[in-house]
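Once you've looked at the hints, dock chain P against the given chain S.
Number of protein chains: 2
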Amino acid sequence: MAITRDDCASLDDNDPLRSIRDRFVLPDGIVYLDGNSLGPMARNVPTRADTILSEWSSRLIRGWMEEGWWELPLRVGARIARLIGAAPEQVIVSDTTTTNLYKTLSAAVGLRSDRSVVVIEESAFPTDIYVAQSVARRIGGELRMLLRGKPVESVLDDTVAAVVMNHVDFRTAEIADMAAATSAIHDAGALAIWDLSHSAGVLPVALDVCEVDFAVGCTYKYLNGGPGAPAYLYVNARHLGEATQPIPGWMGHADPFLMENEYRPSEGIRRFLTGSQPIISMRILDAALDAYDGADIAAVRAKGIALTDLFIELVDDRLGLEVLSPRDSDRRGSQVSLRHPNAAAVYETLVDRGLQGDFRNPDILRFGFAPLYVSFTDAWDAVEILAAVLGER
Amino acid sequence: MAITRDDCASLDDNDPLRSIRDRFVLPDGIVYLDGNSLGPMARNVPTRADTILSEWSSRLIRGWMEEGWWELPLRVGARIARLIGAAPEQVIVSDTTTTNLYKTLSAAVGLRSDRSVVVIEESAFPTDIYVAQSVARRIGGELRMLLRGKPVESVLDDTVAAVVMNHVDFRTAEIADMAAATSAIHDAGALAIWDLSHSAGVLPVALDVCEVDFAVGCTYKYLNGGPGAPAYLYVNARHLGEATQPIPGWMGHADPFLMENEYRPSEGIRRFLTGSQPIISMRILDAALDAYDGADIAAVRAKGIALTDLFIELVDDRLGLEVLSPRDSDRRGSQVSLRHPNAAAVYETLVDRGLQGDFRNPDILRFGFAPLYVSFTDAWDAVEILAAVLGER
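Residue numbers (numbering that gives the first Met the number 0), protein chains in the order written: chain S, 0 to 392; chain P, 0 to 392.
In isolation and in its complexed conformation, chain S is listed as follows (with noise of 0.2 Å):
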């Protein structure tokens, strides 16, 4: 029997996460799934954005110590580690994805001096491979690509220094199986650093269980930090004694207000800042995780399936649409892609229509199914203005 609207009205009715929804502003008339780009903004953050403007007239330069912006990107690291299967002191919150992967990809060679091999898929998020790129061409070596649905082993040999993995791909939603890559990776005696962005929030993570090496990711995705929000890096701890970074600043020298000339790099994860955080972007963002407290992962997990088997079974009963994401939810993320000829304009009308998704380059309509706060309604109704518009075209 098909499903009907009211069905997922009761499926609401029955998730055991449903008042978290409550924790978000989110637009009148509007379907979000577009989490996977940029979540929407906690109900709290006003208020916080308003304690940390106060900190900062009030207190001015004695905030830094009296108020903890000194501490936040561990602090907040913390909070993140939590979420992505890592013991504390083991996460930094600070820069961009992007200088983070540069940074820890850094360091991977740099404990891997006898080797002058780089592997990234030809699948990642292509800023990945520009700065694998560049750290390849840095150290004179090579950039090996690991073809899509190749086995990383394929690409693994005792030239290879480091590996650079997504653990959820962009476009598809693929997760990729950390345990069993890392794994072939250090057989290899390489080390492996994954890009988080896509999975960190909505699936359960174990870089410690994994005995993942390096790892990094952004928060504006799932966990909702807000535009262009301060991104993470995670280094096991048993790289944290040798491991060095290519931009060391005060703020990771050990002992910062000495002001010696001489760089020491600080003990633990702290080595891998660089310079003056922007505090109030993740203060923003330390409000914006008080939306997992009491969020099981694993309860967000199952949710997060939930919601991506009945888009796609909805989308299977009506609209025909090809599937590019996996249909195995083992291997899914919490994001369904589709494929259609016309993506970009079928973006935009179903923007005009309240229906939020993304469009990538050149055919993939993407929807992110973020379980915090997207419902089974909005799946439902999602479908509705899909078969709208594509019945229309």
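Hints are computed from structural coordinates only; laboratory data are not their basis.
Using N, Cα and C, we set each Cβ at its ideal position, and we do this for glycine too.
A portion of the hints provided could be inaccurate.
As the list claims (entries may be wrong) - Label-pair distances were calculated between CB atoms; the ranges are:
hint, chain 1, residue 1, chain 2, residue 2, range
1, S, R42, P, D113, 52 to 60 Å
2, P, G390, S, A86, 50 to 58 Å
3, P, E391, S, E259, 28 to 36 Å
4, P, R147, S, E210, 20 to 28 Å
5, P, D254, S, P87, 37 to 45 Å
6, P, P87, S, F256, 43 to 51 Å
7, S, E261, P, D327, 29 to 37 Å
8, S, D292, P, E312, 54 to 62 Å
9, S, E266, P, G390, 41 to 49 Å
10, P, G267, S, A301, 43 to 51 Å
11, P, A344, S, A301, 54 to 62 Å
12, P, A301, S, G353, 27 to 35 Å
What the hints assert, rightly or not - In silico negatives: residues of chain S with every beta carbon more than 10 Å from chain P:
hint, residue
13, L16
14, R237
15, I384
Below, chain P alone, put in the same frame as chain S:
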């Protein structure tokens, strides 16, 4: 005849910049002379913070284009360009000063790849030294120190690729001669990178006229952008065709939304962009820059000289402390540094008594005179507090 507080009040009455002070929130009961570390909040900031939060919550992903977030690094960069003597399209706001120095210094040594020496002043801000060290090591080259008090010519030869200069010394406020030093550096065939962190906003800076190659600076000191506000970088237009930077990202790509696997740098200054910038912090910086509307930099500089001259005169008359900053106002930035053997303890007592300056290891008390909001009576009151605290010791 000795100066009185009434004399200072009358200087304030006749100060053409006087009304600009009202554009800032200044805490009661504190003489704030630490704008050379963190500028105060401008009054228009809370409203602008509301605006960006409203853009985010209502526009969501479409804010990037429809609210102009995408163009902010260039648009705010153009506003800073005006303050540092740069024609537009040569400045972007992004990342941190440290990362920007890393990018520009890397670009500079890339343009002089037949040379391997990087020069920096031994008196430079330590982070700048760490970055110069890192870049020199990366190219298999050497870091050469310009000793305090020596002319830049003393270290120049045909092996020098690039020289990093601090426009205003962070300890002493001494101004370097940008025109002369840049010319000498060019005569030796090297490139000049200037750090403007302690000069932008309070001194006339003439990057284009001096034919400076690259420049960087922070925005949280005299530009009042807020704690850890994003930094800026300048690339002289004559280098924009060839210069490349080591952290390529999709925002600097010639056609970012094609999402190509091959990096093709954008035309112009955009190629120095890397990842998504913290838009909320950047909007607040944008608001803060309004404080410069109608404030001619020559008038700001004239007031800065008058304030620091007055302060030094009062210090000489009443305290007899060693003035570390140049007595010649032409050679002194908008800061006066004093020496005291127990500077750290004195600093803390001064704060308790309502004078916020700062302390730099080992024996320096720094006082910043930001002409937009510091008054002549502030200078008087600061010396009163200093006299009381030192008198008790």
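Should the hint that D254/P and P87/S are 37 to 45 Å apart at their CB atoms be regarded as holding? 41 Å, holds
Within 27 to 35 Å: is that where the Cβ-Cβ distance between A301/P and G353/S falls? 57 Å Cβ-Cβ, so the 27 to 35 Å window is violated.
Is the distance from the Cβ of E391/P to the Cβ of E259/S consistent with 28 to 36 Å? 33 Å, holds
Starting from the hint 54 to 62 Å, judge whether the C-beta atoms of A344/P and A301/S obey it. For A301/S against A344/P, whose Cβ atoms are near 59 Å apart, the range 54 to 62 Å holds.
Consistency of beta-carbon spacing, D327/P to E261/S, with hint 29 to 37 Å: Between E261/S and D327/P, where Cβ atoms are some 32 Å apart, the hint holds.
Separation of I384/S from chain P, once the least beta-carbon distance is taken, above 10 Å: Since the minimum Cβ distance to chain P is about 16 Å, I384/S lies beyond 10 Å and the statement holds.
Could you check the hint for me, namely that P87/P and F256/S are 43 to 51 Å apart, CB to CB? 38 Å, violated
R147/P paired with E210/S, Cβ distance criterion 20 to 28 Å: Given about 49 Å between the Cβ atoms, the range is violated.
Hint check for E312/P and D292/S - Cβ pair distance inside 54 to 62 Å: With Cβ atoms ~57 Å apart, the hint holds.
Honestly, do G390/P and A86/S meet the 50 to 58 Å range at C-beta? Hint holds: Cβ distance 53 Å, inside 50 to 58 Å.
Examine each Cβ of chain P, and state whether all of them lie more than 10 Å from the Cβ of L16/S. Non-interface label on L16/S holds, nearest chain P Cβ at 20 Å vs cutoff 10 Å.
Determine whether the Cβ-Cβ distance between E266/S and G390/P falls within the hinted range of 41 to 49 Å. Between E266/S and G390/P, where Cβ atoms are some 43 Å apart, the hint holds.
Against the hints set out earlier in the document, violations occur for numbers 4, 6 and 12.
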